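For the protein sequence lines, the chains are Y and P, in the order given.
Residues in the first sequence are numbered from 1 upward in steps of one, following the working numbering.
Residues in the second sequence are numbered from 1 upward in steps of one, following the working numbering.
Accuracy of the hints is not assured; some may be wrong.
Identical chains blur together in the list; that is why a pair holds if it fits in one copy or across any two.
[Said to hold, decoys possible] Straight line, CA to CA, 25 Å or less: simulated SDA-like cross-link-like pairs of lysine to any residue: (1) K101 to I26; (2) K101 to P51; (3) K101 to R22; (4) K101 to N184; (5) K101 to A50; (6) K101 to D136.
Just so you know, the hints here were simulated from the structure itself, not pulled from any lab data.
Only a predicted model underlies this, so the values are computations on that prediction, with no experimental measurement involved.
Number of protein chains: 2
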Amino acid sequence: MSEQTDPAPGGDGTGGDWRPSREAVIDLLGLLALGELLAFERMAVDARLAPDLGRRARLGEAAVGEIRNYRLLADRLSALGVDPAEAMAPFQEAFRTFDAKTSPRDWLEALVKVYVGDAVGDDFFRAVAPKLESEDRALIERVLEEGSAAGLAADEIRAAVESDPAAAGRLSLWARRLIGEGINRALAVSAAHESLTGLISGDGGSVDELLRTLTRAHQERMRAVGLNN
Amino acid sequence: MSEQTDPAPGGDGTGGDWRPSREAVIDLLGLLALGELLAFERMAVDARLAPDLGRRARLGEAAVGEIRNYRLLADRLSALGVDPAEAMAPFQEAFRTFDAKTSPRDWLEALVKVYVGDAVGDDFFRAVAPKLESEDRALIERVLEEGSAAGLAADEIRAAVESDPAAAGRLSLWARRLIGEGINRALAVSAAHESLTGLISGDGGSVDELLRTLTRAHQERMRAVGLNN
Chain Y
1 MSEQTDPAPG GDGTGGDWRP SREAVIDLLG LLALGELLAF ERMAVDARLA
51 PDLGRRARLG EAAVGEIRNY RLLADRLSAL GVDPAEAMAP FQEAFRTFDA
101 KTSPRDWLEA LVKVYVGDAV GDDFFRAVAP KLESEDRALI ERVLEEGSAA
151 GLAADEIRAA VESDPAAAGR LSLWARRLIG EGINRALAVS AAHESLTGLI
201 SGDGGSVDEL LRTLTRAHQE RMRAVGLNN
Chain P
1 MSEQTDPAPG GDGTGGDWRP SREAVIDLLG LLALGELLAF ERMAVDARLA
51 PDLGRRARLG EAAVGEIRNY RLLADRLSAL GVDPAEAMAP FQEAFRTFDA
101 KTSPRDWLEA LVKVYVGDAV GDDFFRAVAP KLESEDRALI ERVLEEGSAA
151 GLAADEIRAA VESDPAAAGR LSLWARRLIG EGINRALAVS AAHESLTGLI
201 SGDGGSVDEL LRTLTRAHQE RMRAVGLNN
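Only chain Y is shown next, with the shape it has when bound in the complex:
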């Protein structure tokens, strides 16, 4: 809370006079909003892969948190005078490509996708928050407060891997494919949107560095559910 009256982004020793451009903030909020909207849809759709109605409903209910986050981000875009749909549109193709290449074939693959996507998403939110000014930082904190679906997925993955060790290899491979495709899409998005690259590197750091940090955290989480890298 020490940053609440600080108009400049915290930064890490590079001085407090750097500020993200309006364009970069809109791009970032559009990217995050679309990510939340599509995570909602994906979870609702993939819930159909559940082996029983109880789990199916639980994944659907977990999806609600994502669309709530979408609403928070969309409202902020509207407050900035931007149509959320317009801010999201530039990123639609990247997500479409990602989803087309990572369509889960069964319930466990769907859960790994939720687990990886949700956690990497949260890490990304945490990494970009310090680059933003106080109002947007507060928004990101609210988004991160929303109960994560990753916990639900992690418990199931861990139990599945324990009861069927052969599943670990298959799901580890699947997680590598998810993260590989995710990195490809992230690089394509950052190459096409200089404003975002500027935001990420403007206050110290780089897109490559961010991807390495996200990947490292991802690898630790994989081990936490009994998968390997």
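Assemble chain P onto chain Y, guided by the hints.
What follows is chain P alone, placed relative to chain Y:
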């Protein structure tokens, strides 16, 4: 509110000593809970047919009301000592058949399905509520309070039909197919679940009569958005 302390279902002149069986109430709550859960999923899935991200998000957000209703009904089943998944399972095949035969090919067909399904669902809730005892009646009232997705769909359908009169014929035909398949499924469910037939007819009325009432209301709603029967 006059019925709040009345332990017997209101009825309509047949006397107040008839009560639904526990089995019938569980069947009914299971049917309604599954209907809400699947309506949620269907809307989230069909949102992908939207012509733009703004409408896509609005349909996803409207779907949240359905899964909230699912939670209310599932909690009531749990309170009655029944696993919601078990109470829903007997009706899964009927919904699966219905959805397989009524998969929308475009955004307007998806909206007509939301409009018809949501409104017929609400009418069904209203029709069965008086058959229930006070606690379950109060639950149904809470379910009906949840903002309906039908309004959103109706506005879009009306606008589409006004701007393209040829759409009216196609969508009218589609709505007839939806209601025809719905009646088929309702008859199959009632034939397989005597408890439900008993609940519907136990206090006066019959399944046929209920279906006629629902169909009549449906036809009026069709006219309200510029479609014909």
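Comparing the hints with the structure gives:
1. Neither within a single protomer nor between protomers do K101 and I26 lie at most 25 Å apart by alpha-carbon distance, with minima of 27 Å and 42 Å respectively.
2. Taking the shortest Cα distances, K101 and P51 sit within 25 Å of each other both inside one copy (23 Å) and across copies (23 Å).
3. For a Cα distance limit of 25 Å, the shortest separation of K101 from R22 qualifies neither inside one copy, at 33 Å, nor across copies, at 48 Å.
4. Taking the shortest alpha-carbon separations for K101 and N184, only the intra-copy value of 11 Å comes in at or below 25 Å, while the best inter-copy value is 39 Å.
5. In the homo-oligomer, the alpha carbons of K101 and A50 lie at most 25 Å apart both inside one protomer (21 Å) and across protomers (22 Å), since each shortest distance falls under that limit.
6. Proximity of K101 to D136 under the C-alpha cut-off of 25 Å is found in neither arrangement, the shortest distances being 32 Å within a copy and 46 Å between copies.
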